[in-house]
Every structure is written in C-alpha cells, then in structure tokens.
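Produce the entire structure from the sequences given, and follow the hints as far as they go.
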Amino acid sequence: MVELFVKGGPFMPWILGVFIFGLIIVFERFYSLTAAELRTRSFLKKIETILREEGPEAAKEECEKSSSPVAAIYHEALSRMDQGLERVEKVIDSAGALEMAFLEKNQIWLTTVVTIAPMLGFIGTVSGMVGAFNDVAAANDISPAIVASGISEALLTTLFGLIVAVIISIFQNWFMSRIDKMVIDLEKSAVTLVDVLSEKMKK
Numbered sequence: 015m016v017e018l019f020v021k022g023g024p025f026m027p028w029i030l031g032v033f034i035f036g037l038i039i040v041f042e043r044f045y046s047l048t049a050a051e052l053r054t055r056s057f058l059k060k061i062e063t064i065l066r067e068e069g070p071e072a073a074k075e076e077c078e079k080s081s082s083p084v085a086a087i088y089h090e091a092l093s094r095m096d097q098g099l100e101r102v103e104k105v106i107d108s109a110g111a112l113e114m115a116f117l118e119k120n121q122i123w124l125t126t127v128v129t130i131a132p133m134l135g136f137i138g139t140v141s142g143m144v145g146a147f148n149d150v151a152a153a154n155d156i157s158p159a160i161v162a163s164g165i166s167e168a169l170l171t172t173l174f175g176l177i178v179a180v181i182i183s184i185f186q187n188w189f190m191s192r193i194d195k196m197v198i199d200l201e202k203s204a205v206t207l208v209d210v211l212s213e214k215m216k217k
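All residue numbers in the sequence shown are consecutive under our numbering, ending with 217.
These are calculated hints, taken from the structure and not from any lab test. Treat the hints with care, as some may be off.
What the hints assert, rightly or not - Straight-line C-alpha distance at most 20 Å; calculated EDC-like pairs for lysine to aspartate or glutamate:
no., residue 1, residue 2
1, K104, E42
2, K79, E62
3, K195, E118
4, K79, E51
5, K59, E90
6, K59, E75
7, K195, E42
8, K74, E90
The structure presented is a predicted model; accordingly, all values stated were derived computationally and were not measured.
Here it is in structure tokens:
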C-alpha cells in the first residue's frame, strides 16, 4: 500500500490529507449524533409522564435540565402555552428548523470531501499523463516501459481519489439517514406535546 501511495505521485499527499480531514468530521458527526439520540430517548421517556401528571411548569423545569434537541423545542413551546395552540405550533416549527440545522452541522464538510477527493484524483491523472507524454517526447520513443510510470501515477491517483469519495459518501449517507430518523422523532414528539397541551387547556 505504501509503495502504491509513493507511485501515485505528488497529488497523493493531498488526497490523503483530504481523507484524514473527512475522517475527523466523521468521528465528530458520529459522536454528536449518538449523544443527541441518547439524550433525546432519555428525555422523551420522562417528559410526557411529567407533563401529564405534574403539569406544564414541571415539564418546563425538566426541559431546562436536559440538553436534548427535543427539550429545547418543548421548553420554547411550553413557554408560549398562554398564547394558544396555534402559537405553540408555530414555535415548534421554528424551533424544529433550528434543531435541524444543528443536527446537520458539519455535513457540508463531508460533501466537500466527497467532491474534492475525486477531483484531486483526476488532476493527478492529467499530471501523470502529461508526465508520460513528456517522457515519450524526451526519449523519442513510445515503448511501454517509458510511459508506464506516468500512466501508473495517473491511474493510482484516480483510484485513491474515488476510494476516499466512496468511503466518506457512505458515512455521509448513513448520518443523513440518522438525522432523518431523529427529525421524524422530533415531529412525533411535537404532535404529542400539542395533544397533551390541548387536553390541559380543555380542562
């Protein structure tokens, strides 16, 4: 593998650098989303019971203790309860959009890596082919041995660039599926909140 990396030419370190950067973002996203999921599950187990049994004020206090994305939405909605259900629903929509932005934070960097890695590979390909033709021109011969080095460099940079893009793209899509699931959970919890508040207001 090291030998292939060296044969890949001057663009291989750039591709490796992009890959390392992508992996750092992958680890950050994995940690952040996992932590958010765990906090959300823990919060939802408590809040509905508290809201039904102890009332909105107790629920607000519980929201303040939690760092879950759902807790922020619940707290904002409960704070506007006196303004009516319509206002609560608007607050939930706005807060949900903000939390969605938080969950998608740094996803743009994964997209950047997926875009740049193969482009660097293609630039390396062009560089390798130019080197191969220069070798042919210098030797005034087109034998396979002369062009082999340049063509090898061209193919290896493309190969490694595409491998990096594929790996990071897999993680990116996995994270997006997790975010979509969390958004669905947020929407379900919002519906539950509105239903419970509606019951409380009728009483």
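Right, here's what the structure says about each hint:
{"no.": "1", "hint": "K104 to E42", "in the structure": "31 Å, violated"}
{"no.": "2", "hint": "K79 to E62", "in the structure": "15 Å, holds"}
{"no.": "3", "hint": "K195 to E118", "in the structure": "13 Å, holds"}
{"no.": "4", "hint": "K79 to E51", "in the structure": "16 Å, holds"}
{"no.": "5", "hint": "K59 to E90", "in the structure": "19 Å, holds"}
{"no.": "6", "hint": "K59 to E75", "in the structure": "15 Å, holds"}
{"no.": "7", "hint": "K195 to E42", "in the structure": "19 Å, holds"}
{"no.": "8", "hint": "K74 to E90", "in the structure": "9 Å, holds"}
In this structure, only the earlier hint numbered 1 is contradicted, and the remaining ones agree with it.
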